[in-house]
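Colleague: For this one, chain B is given, so just place chain A on it according to the hints.
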Amino acid sequence: MPTVTFVQSTGESIEVAVAEGTSLMRAAVTNGIDGIVGECGGQAMCATCHVFVRPEYAGALPPVSDDEDEMLDCTTSERTEASRLGCQVKVSAELPSIVVDVPADQV
Amino acid sequence: MDSTAAHEPVVIIGGGQAGIQVADSLRAEGFAGSITIVNDEPGNPYQRPPLSKDYLAVDAPAEPLPLRGAEFFADKDIVLLQDTSAAAVDTVARRVTLSDGNTLAYGHLVFATGATNRALPCPGASLPGVHALRSLSDAEALQEALAEARNVVVIGAGFIGLEFAAGARARGLRVTVLEFAPRPMGRALSSTMSDWFTARHLADGIDLRLNEGVAAIHEDGAGLSVESTTGARYAADLVLYGVGVTPRTELAESAGLPLENGIVVDQSLRTSVEGVLAVGDCASFPNIHTGARTRLESVQNATDQGRHAARSILGASAPYTDTPWFWSTQGPIRLQIAGISAPGDHPVLLGDPSGGKFSIALLRAGVLAAVESVNAPADHISARKIVGLGLVVSPEALTAPGFNLKAFAKEALATPA
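Sequence lines, in order, name chains B and A.
Residues in the first sequence are numbered consecutively from 5, following this note's numbering.
Residues in the second sequence are numbered consecutively from 126, following this note's numbering.
So that you can see chain B by itself, here it is in the shape it has in the complex (with noise of 0.2 Å):
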């Protein structure tokens, strides 16, 4: 089963186990991970899963989409070149492990 580590901005770090196609969004809200809302429940309206994937894992990713990108500058937590919404990313046989930041300030 692929994995996904979120890592709190206190540096606590949580793995959770979930189904191939399960979205970042999905995986910190089901497991309860503290500082991932998802008040639209993926949708990419409301810019509330906002993480930071880690480097090594970046190149695995599909590119982000013109409204994610929209979406993106209007995180509260400021962007980077890190910066995903987690509802438009999942995981998959191609990306069976990986691991993001969690943002200090999500709304």
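Keep in mind that the hints were calculated from the coordinates and are not lab data.
Hints may contain errors.
Said to hold, decoys possible - Non-contacting residues of chain B with respect to chain A, defined by C-beta distances greater than 12 Å in every case (computed):
#1 G15
#2 E16
#3 E19
#4 T26
#5 A32
#6 A62
#7 D71
#8 D77
#9 P107
As the list claims (entries may be wrong) - Cβ-Cβ distance ranges computed for the label pairs, FRET-style:
#10 B:M5 / A:K535: 18 to 26 Å
#11 A:A182 / B:D77: 25 to 33 Å
#12 A:T446 / B:A21: 37 to 45 Å
#13 A:P444 / B:T7: 40 to 48 Å
#14 B:P66 / A:S379: 50 to 58 Å
Here the structure is a predicted model, which means the values were calculated and not measured.
Using N, Cα and C, we set each Cβ at its ideal position, and we do this for glycine too.
Modeller: Chain A only, in chain B's frame:
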């Protein structure tokens, strides 16, 4: 927080977005007393918006999206009663009687009872194969029905009806939508925008029929057929209706709370009865954005009112003023609305609708009252920031070459009021 409010038990009736948010925010704000959520649905509380979107797709996730993780309630010391309803409220003794006969004493009681679907007022409305969509069990029944269906008839071109229609169409089904009114989503959208949606859904192969309501639904052995008010008949093996909702206020009414299209609350979301509040879809509140008592059905309103009510319980009395926003996804179309439009607002087009990415700014007496955006999230987020400011802006300024809402928002927010 005063010392009484710090410990008196809080009871929340309803395990939807608003009710769960009240509990979460109370703990986040340091409330140390007992919190009990009375939820009449079984299982872990879940998010409703995906039920009419992703959850009905062919590649739908196996489980609904929870509102909070499974450990949340235990971790935060919140008691979640499942499959239990509140049967009666005694506002003098401050006690709730539950469907299982138990009682709960409260210092503060929050009605987060939501809304219920309006019934379809025609013969045949309760035939097998005729569905509504509100709960997870509704969505599960629809998921199953969609897997077998070929011909789908949707009654009502509101958000739910059109989200479902677009989802069914994306699955390759034949979809007819009947709408009694002259335009879709007519209560929520400017006519310019709802006309754009009409054209777009027709172009995507949805047979959207306006000014045509339902007269009856028949079952003739071969399947269902929907008879419209024009006398036409549409064969269907799945009928979905979404013809509006009504707030769930029966319990509040029997408890003696004033109602007015919802449970009447003041600017702090308190009812006129000491210790009783209401939030979300069931609450009728004084809305500074409409200048009138309003009831809103949206995730934004549920969560923001949930947060606000928690602070009210802890003694704050600030008015609730959050800017309303809404969204809908209909196939590839992402609609986002900031603010609340009204008939008579002056529409100003921003961008190019033929490219499928644009916004409509709605001016009321020169003030930017609302912005409706299609596939233009930057416009929407910018609008969310500025609609609440009550800015006076001219149509000429909005349509000047090089204008964009993002830069406009930046400037507006940087300028001292």
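Colleague: May I ask you to test the hint 37 to 45 Å on the CB atoms belonging to T446 of chain A and A21 of chain B?
Modeller: 43 Å Cβ-Cβ, so the 37 to 45 Å window holds.
Colleague: Would the non-interface assignment of D71 of chain B survive a Cβ cutoff of 12 Å against chain A?
Modeller: Violated, because the least Cβ-Cβ distance between D71 of chain B and chain A comes to about 5 Å, which does not exceed 12 Å.
Colleague: Quick one: work out the minimum CB distance from A32 of chain B to chain A and report holds if it exceeds 12 Å, violated otherwise.
Modeller: 8 Å, violated
Colleague: Looking at E19 of chain B again, its CB stays over 12 Å from all of chain A?
Modeller: 15 Å, holds
Colleague: Is the hinted range of 50 to 58 Å satisfied by the C-beta distance from P66 of chain B to S379 of chain A?
Modeller: Cβ of P66 of chain B to Cβ of S379 of chain A: about 53 Å, so the range 50 to 58 Å holds.
Colleague: Would A62 of chain B pass as off the interface with chain A, using Cβ distances and a cut of 12 Å?
Modeller: 22 Å, holds
Colleague: Measuring Cβ to Cβ, find out whether T26 of chain B lies farther than 12 Å from everything in chain A.
Modeller: Given that some Cβ of chain A is not farther than 12 Å from that of T26 of chain B, nearest at about 7 Å, it is violated.
Colleague: Against chain A, does E16 of chain B keep a CB gap of more than 12 Å to every residue?
Modeller: Non-interface label stands for E16 of chain B: nearest chain A Cβ at 14 Å, farther than 12 Å.
Colleague: Does the beta carbon distance between P444 of chain A and T7 of chain B stay inside 40 to 48 Å, or does it fall outside?
Modeller: Given range 40 to 48 Å: holds, Cβ gap about 46 Å.
Colleague: Regarding the assertion that G15 of chain B does not contact chain A, is the least Cβ-Cβ distance greater than 12 Å?
Modeller: 20 Å, holds
Colleague: Take the C-beta atom of A182 of chain A and the C-beta atom of D77 of chain B, compute their distance, and say whether it sits inside 25 to 33 Å.
Modeller: 28 Å, holds
Colleague: Evaluate the condition: distance from the CB of P107 of chain B to the nearest CB of chain A exceeds 12 Å.
Modeller: Answer for P107 of chain B: holds, closest chain A Cβ roughly 17 Å.
Checked against the numbered hints above, the structure breaks hints 4, 5, 7, 8, 10 and satisfies the rest.
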